[in-house]
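Peer 1: Listed below, chain by chain, are the residues.
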Amino acid sequence: MTHYILEIAQALLALLLAPLLVGFVRWVKARLQNRRGAPPWLPYFELAKLFGKEVVMSNNASWLFRFAPTIVFASALAVTFLVPLIAAPLPFDNVGDLLVVVYLLLLGTFFLALAGLDPGTAFGGMGASREMTVAAIAEPTIALAIFGLALGAGSTNLGRIVTATLANPGVAISPGHLLAFAALFIVTLAETGRLPVDNPSTHLELTMIHEAMILEYSGRYLALIEWAAWLKLTIFFSLLANLFVPWGLATVLTPATLAIAVVTLIIKLAVLGLVVAVVETRVAKLRLFRVPELLGLSFVLALLAVTSSFLLR
Amino acid sequence: MTDFSRLQSALAENFKGRATNIRARRENELHFQIARGDAPRLAEILRGDFNAELTLMVANDRRADKGVFEIHYLFVNNRENWFAHATKDLPPGDPTIASMATFYYPASRFEREIKDLFGLEAVGHPDRRPLVRHAFWPEDYFPLRKDAAPLERFDDDGTPFPFLPVGGEGVYEIPVGPVHAGIIEPGHFRFSVVGETVIDLKIRLYFTHKGTEKLFEGRAPAEGVELAERISGDTTIGHSLAYCQALESLAGCDVPARAKYLRVILLEMERLYNHIADFGAICNDTGFAAAHSHCFRIRERLLRLNKRLAGNRLLRGGVVPGGVGHPLPDGLDPSTGSGRSLPAELDSVIADFDEVVDICLSNTMLMDRLEGAGRLTTQTATDHGVLGCVARASGIDIDARRDHPFAAYPWLKFKVPVFETGDVQARAMVRVEEARESASLIKQALAQMPGGAIVASLGKLPAWEPAFGLVEGWRGAIIHWVMADDQGKLYRVKVKDPSFVNWPALSFALLKNIVPDFPLVNKSFNQSYSGNDL
Chain A
1 MTHYILEIAQ ALLALLLAPL LVGFVRWVKA RLQNRRGAPP WLPYFELAKL FGKEVVMSNN
61 ASWLFRFAPT IVFASALAVT FLVPLIAAPL PFDNVGDLLV VVYLLLLGTF FLALAGLDPG
121 TAFGGMGASR EMTVAAIAEP TIALAIFGLA LGAGSTNLGR IVTATLANPG VAISPGHLLA
181 FAALFIVTLA ETGRLPVDNP STHLELTMIH EAMILEYSGR YLALIEWAAW LKLTIFFSLL
241 ANLFVPWGLA TVLTPATLAI AVVTLIIKLA VLGLVVAVVE TRVAKLRLFR VPELLGLSFV
301 LALLAVTSSF LLR
Chain B
1 MTDFSRLQSA LAENFKGRAT NIRARRENEL HFQIARGDAP RLAEILRGDF NAELTLMVAN
61 DRRADKGVFE IHYLFVNNRE NWFAHATKDL PPGDPTIASM ATFYYPASRF EREIKDLFGL
121 EAVGHPDRRP LVRHAFWPED YFPLRKDAAP LERFDDDGTP FPFLPVGGEG VYEIPVGPVH
181 AGIIEPGHFR FSVVGETVID LKIRLYFTHK GTEKLFEGRA PAEGVELAER ISGDTTIGHS
241 LAYCQALESL AGCDVPARAK YLRVILLEME RLYNHIADFG AICNDTGFAA AHSHCFRIRE
301 RLLRLNKRLA GNRLLRGGVV PGGVGHPLPD GLDPSTGSGR SLPAELDSVI ADFDEVVDIC
361 LSNTMLMDRL EGAGRLTTQT ATDHGVLGCV ARASGIDIDA RRDHPFAAYP WLKFKVPVFE
421 TGDVQARAMV RVEEARESAS LIKQALAQMP GGAIVASLGK LPAWEPAFGL VEGWRGAIIH
481 WVMADDQGKL YRVKVKDPSF VNWPALSFAL LKNIVPDFPL VNKSFNQSYS GNDL
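In the order they appear, the protein sequences are chains A and B. Counting in the numbering used here, the first sequence runs from 1 upward without gaps. Counting in the numbering used here, the second sequence runs from 1 upward without gaps.
No lab work stands behind these hints: they were computed from the structure. Ideal placement from N, C-alpha and C gives every residue a C-beta, glycine not left out. Keep in mind that a hint or two might mislead.
Label pairs and their computed distance ranges (CB to CB) [what the hints assert, rightly or not]:
| hint | chain 1 | residue 1 | chain 2 | residue 2 | range |
| --- | --- | --- | --- | --- | --- |
| 1 | B | Phe103 | A | Arg35 | 44 to 54 Å |
| 2 | B | Asp368 | A | Ala172 | 29 to 39 Å |
| 3 | B | Leu303 | A | Ser62 | 24 to 34 Å |
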């Protein structure tokens, strides 16, 4: 029973933290850009506002358009049950491993792209085609980067990867881990629609990737999609934080260890948020055709991670 | 006084007495009357033998007093600083003109504009589509004719605009606008795309057609200033100065020397704040928002300086016919002032800006976006008669401040930066260089400025005489053409913002670029919708 409570608590924590994390990144970026910035908790109000608004829908939209936000949100939410946020190993570790995580994320992307195409607008199709281009290179890299870790741990199970690192702290600075971290960091920027791949704060439709797909959404549907996107950012940050620096995760379940786990998670997310905000301020957006080069680089890094993990096993 | 004897003999030889009433005006203008049908030949001669290009076409409804429609052609030689002003009369019964569109692209747009606003058909024009007229007013309603009564209702007749369709396997269209996501003006852009590569771009404007030229008519000369200031909100001084210079040229009014220097200061302040804001906005469209927020901060500093200088952040009320609206305030005058004077403020602004520019230029990711994007070749730019900083970024060495000196520019030293590459980077760098020159010009003007009056009386405007004012605004050369009636009121005012010729060139700059680079290329042009649509 405690296991289920733990899983649900973890998912709720992710849901609650996601808006704050995004608000925090926005706030740091504003500060770095010489602006005062909106308070970090603004995204909570954004969600409340969107859930309260009516839904405006194109006459050309089909059931798919209404259906997609739920799938996108549900798939992201499902992943929060499988990723070690505050505890490892997780009770659901046997339900789904790394491959399930990758394909659940891809499922959301896939439905979002379909929903972008559905109303038949030019921007939606444009965004969908670009998102698929990015996803096609990014998704294998995620899997491959985590494989680099899995090779060392002898399992694709995320919980077991974490416990293996905890048992043998030296591997955290092994070449395999560092390369995989670099690869996953680049993919995180791409998959969560961050600079230099996509600009989350642009209003220029013609340059958009993620935002172009969801231009037609409004009201509670938009709220679900936004929330799912923020959840995805939280998930990727947690993967980066907990797979590579697992210390602080609760391995035995006591109130004290769980409290420490929550606090360390927040600190790790904040540090990563800070790093991403600095990166986003320092770089310009890549020309669209340069994006595959960057993602190709991350794929090569991931491949090197696997190779070195295999050779140094 | 320019020697027009060669041009005069060429007119006599080619037109055998059909070019009449030939008279030199105001140092460097040759005015004359031509017969119907002679305009294309005249353009060929002026272009081929005299290196003069068509810069303005004005239609004028003089049926009430003279019984004809007039078409005025203004040709300019930028190297030798002279103008040829040809007028032809059209009988109201058969008001058609011989089209020059097939060999002269700028004429093509003027002729379409004249057809929509005056109903004067250009015979032989290859493009019969409307330019100004959207489907909201009837085809036989010509608003700039004197007898055109305002319509009761304006209703869309539902006719779609005949865009040239682009076919082929995998070609699709992306329509954008006229309503955009940012705080910008309306314009419709239609991309024909293969994958992400743009193979054609059509731009449809005139959504902000306000009848500005019509609104000038019947106003007293001084009342036109406020209208000129609002033609394009960011070009207050550029337009009001061109308008006032046209009036002064018509009335033969001598502007006091001190006012001429103050006009330079105002015009350069306008250039400075716009160029700095543009540089930031170009960086912002690559996602480099830090440069944008800093440039916007610097712009705000300049707007506050403007407020002290002219009592208005956008410099409205700065220029009046015969001079300027405000004396130099004590606090900003380096000779009398206490506190930080204008030169010290500008040094600090430029140092501030230089720091931002350095950060941007050393960012390789940013520069990679700017380099090679939206290349406008010198040939295309020349064919379109492109003006201003867009022209100078494409290797065309023109600047009305140097080529046709006005205000106090003859006595000031400045460089005209010219870049050859014609890409976004060149357009950004032209702005950076020009901003530095602007600051230097203001400092020179302050140092050299004599004392004395700042405004002279304009005097009465002679009736039925054409005159024009030419000013290098921050976007490029602005022309205002004026004619007064026998009451001394404005009879006809024609405005040409550089956007009118620069907009079409954007389509060509974008060819073979990718769709997501359009906003960046567009921002590097940054043309005025309002100034074009009038």
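Peer 1: Now tell me if each hint is right for this structure.
Peer 2: The hints, checked one at a time:
no., hint, result
1, Phe103(B) with Arg35(A): 44 to 54 Å, "holds, 52 Å"
2, Asp368(B) with Ala172(A): 29 to 39 Å, "holds, 35 Å"
3, Leu303(B) with Ser62(A): 24 to 34 Å, "violated, 50 Å"
Violated hints amount to a single one, hint 3; each of the other numbered hints is respected by the structure.
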